[in-house]
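Whole structure, please, built from the sequences with the hints as guidance.
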Amino acid sequence: MSKVLDIRNLYKIYGKEKVNQVTALDDVSFSIDQGEFALIVGSSGSGKSTLLNIIGLLDKPTNGTVRVAGTDTSKLNDGQISSFRNKKVGFVFQFSNLLSDLTVLENVMLPMQMAGMQKSREKATELLMAVGLKDQMKQRADRISGGQAQRAAIARGLANQPALVLADEPTGNLDSVTSKNVVKLMKSMCETLGQTFVVVTHDQEDFGNVDHIIQMRDGKAFETSMVRRVAT
Amino acid sequence: MLDYRLKLAKRMLFNKKGSLIGAVLAVTIGILVIHVNFVIFQGLYDAIVRDITEYRNGDILVTDESNLIEKSDTMLVNWFSRIPDVKAAAPRFSSNGEINITKNGGMIETNRIPLLGVDPIQDIQASSAHTTVSEGSYVFSHNSIVLGSNIVRDLGDVHVGDSIEVGVVNRWGQDEVRRFIVSGIATSPGGQGLDYSAVVHIDTLRDMLDRKGYTSSIMVKLHDPSSAENVRDLFLASFVNDDFVAETIEESAEQQLAGFRSGIAMINMIGYFGMMSSAFAIVTIQMMLVNGKTKEIGIMRSIGARRKDILVIFIMQGILIGFIGAAAGTGAGLAYTFYAKETKLSFNNSLPLEVSFDWPKIFQTALTSFGLAVLASLYPSFRATRLLPVEAMRYV
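Residue numbers (my numbering), protein chains in the order written: chain P, 89 to 320; chain D, 7 to 402.
Everything labelled a hint here was simulated from the structure, so no lab data went into it.
C-beta: ideal position from N, C-alpha, C; glycine also.
Keep in mind that a hint or two might mislead.
What the hints assert, rightly or not - Straight-line alpha carbon distances no greater than 20 Å define the calculated SDA-like cross-link-like pairs of lysine to any residue that follow:
#1 P:K207 to D:Y10
#2 P:K91 to P:T159
#3 P:K175 to D:D9
#4 D:K301 to P:K207
What the hints assert, rightly or not - For the chain D half of the interface with chain P, some residues (derived, Cβ under 7 Å), not all of them:
#5 Y10
#6 L12
#7 N21
#8 K23
#9 S308
#10 R392
#11 P395
#12 V396
#13 E397
As the list claims (entries may be wrong) - Rough simulated footprint, nothing fancy, chain D against chain P, three-plus residues with beta-carbon under 8 Å:
#14 134-147
#15 200-210
#16 287-301
Here it is in structure tokens:
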């Protein structure tokens with residue numbers, strides 16, 4: 089299996105003066121294969137969101153390399169980073185973060201339109217049907233429930249068939265029933281589409297069995313377990 | 007297909023109706039102020055030019071260096087009547103005199119009254135001074151006189167049909183007095199007509215001054231005032247050996263209009279300053295829009311929008327604000343201009359404004375305003391592009 093994500097000796101240090109420096113990531117190294125469902129877990133302040141932001145090219149590391157789909161992301165300029173985020177990385181945030189000025193369908197179409205893709209409407213419609221939002225497509229994004237918004241966000245994250253989808257606490261703002269549905273949806277997308285998911289969560293139990301778990305503690309990463317995914 | 011950036015710009019703007027209305031109003035009011043200024047001050051200027059043209063100087067005024075034309079007025083009028091651009095030409099003779107009237111045993115006298123001698127037949131073709139006669143009729147005989155309303159006021163209770171005495175000092179320094187019957191009283195809005203003059207038959211005035219055959223000026227009315235310079239040049243070229251002075255209305259009324267023109271330029275400048283303050287209002291409103299959309303900017307950046315895309319979205323908002331504001335402002339300005347033109351707008355019974363649609367200026371104002379709105383959106387748009395996605399996402 090090819091490596092979709094390969095992180096080597098990653099550091100993120102905040103603050104310039106030594107006395108004020110905070111090491112958010114401390115020599116983090118791990119890799120994730122194509123089609124895996126990986127969890128980054130840890131307590132608050134352990135560095136998991138910082139790690140996710142760096143993988144998603146939303147932030148820059150102090151040191152170390154991040155390879156996504158074989159590309160060393162540290163070598164990309166600003167324009168290339170935007171294009172890379174658009175085509176190679178999908179995001180699912182804790183608060184869905186759909187654009188409230190657009191409809192659900194338009195939100196899913198947006199990354200495809202940014203990429204200049206033809207037939208974005210048809211593709212977005214297919215994705216929304218796959219996540220069970222056929223009837224909510226034409227509604228404004230701020231008029232749907234939290235669970236529906238998170239499903240739409242997953243559809244948007246998958247829009248350009250990215251190398252990996254990064255999810256930051258995707259169930260953190262949902263009730264337990266809705267959380268289970270969202271987890272089920274992501275896992276099924278991983279299964280059926282072979283889509284790689286890297287999910288940050290502080291609640292590992294919600295996700296059951298996964299391929300890969302990275303435990304973050306005080307900025308260090310520990311690959312605490314490698315388990316086979318069981319079909320849900 | 008509508009570019010997604012334009013769609014986003016439109017939605018983000020139209021969903022913030024308060025900001026949209028505020029920004030559009032800023033542009034609209036800026037344009038409207040310039041239109042209102044133009045209607046009032048340019049209208050006033052044009053009205054003065056119109057009245058001077060109609061009542062006093064015509065489109066071309068022919069005099070000579072001594073202010074006494076010796077050449078036959080009939081010959082000069084005939085010369086002009088052969089030019090196709092000329093509608094009519096009329097001789098006038100000007101002097102000063104005193105007028106007195108005896109009422110109830112007492113005499114009321116006024117001094118240094120401008121006296122204007124006209125040819126009643128030709129004058130009504132070249133001038134519309136006769137239309138300002140509000141009571142009675144224009145000069146029709148050698149002993150009829152039309153008094154301006156201000157002279158009537160100074161003389162007390164004068165009516166059409168009253169007998170008055172007019173005295174002048176003739177060319178030999180002798181007093182010459184004649185009796186006239188008041189045939190009419192002239193009054194014009196704004197007093198630009200013959201309100202301060204007395205009008206008599208030109209031959210009577212010549213006779214009184216012992217200046218037979220002399221003329222002070224020839225007033226020339228054209229079919230199309232824009233041909234004034236050509237007709238003037240043709241006239242001067244035809245009479246090179248004479249001391250004629252031929253001036254277009256802009257030249258003959260220069261003294262009266264010069265100050266007014268600088269006033270208009272200043273008012274226009276104030277209007278453009280107003281437009282610039284509208285631009286500052288747009289900067290403020292767009293900064294508010296950008297600040298209010300920090301989260302959205304972060305989301306867009308995270309899903310792949312380039313800085314350029316963010317810049318385009320917010321500049322498009324500036325374009326939309328500029329376009330709607332310019333359209334609304336121009337629409338409102340045109341409506342006001344139309345109203346002023348149709349109602350012959352005037353203030354406090356003064357002269358009615360000469361309102362015109364100056365299309366090049368209307369387009370220039372709309373374009374300037376539109377350009378300023380777009381320019382005003384550049385800084386907020388640039389600020390939006392500087393937001394780092396990870397920082398913007400913290401607003402979540």
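So, going through the hints one by one against the coordinates:
{"no.": "1", "hint": "P:K207 to D:Y10", "result": "holds (14 Å)"}
{"no.": "2", "hint": "P:K91 to P:T159", "result": "holds (11 Å)"}
{"no.": "3", "hint": "P:K175 to D:D9", "result": "holds (19 Å)"}
{"no.": "4", "hint": "D:K301 to P:K207", "result": "violated (28 Å)"}
{"no.": "5", "hint": "Y10", "result": "holds (4 Å)"}
{"no.": "6", "hint": "L12", "result": "violated (11 Å)"}
{"no.": "7", "hint": "N21", "result": "holds (5 Å)"}
{"no.": "8", "hint": "K23", "result": "violated (13 Å)"}
{"no.": "9", "hint": "S308", "result": "holds (5 Å)"}
{"no.": "10", "hint": "R392", "result": "violated (11 Å)"}
{"no.": "11", "hint": "P395", "result": "holds (5 Å)"}
{"no.": "12", "hint": "V396", "result": "holds (4 Å)"}
{"no.": "13", "hint": "E397", "result": "violated (9 Å)"}
{"no.": "14", "hint": "134-147", "result": "holds (count 4)"}
{"no.": "15", "hint": "200-210", "result": "holds (count 3)"}
{"no.": "16", "hint": "287-301", "result": "violated (count 0)"}
Of the numbered hints listed earlier, those contradicted by the structure are 4, 6, 8, 10, 13 and 16.
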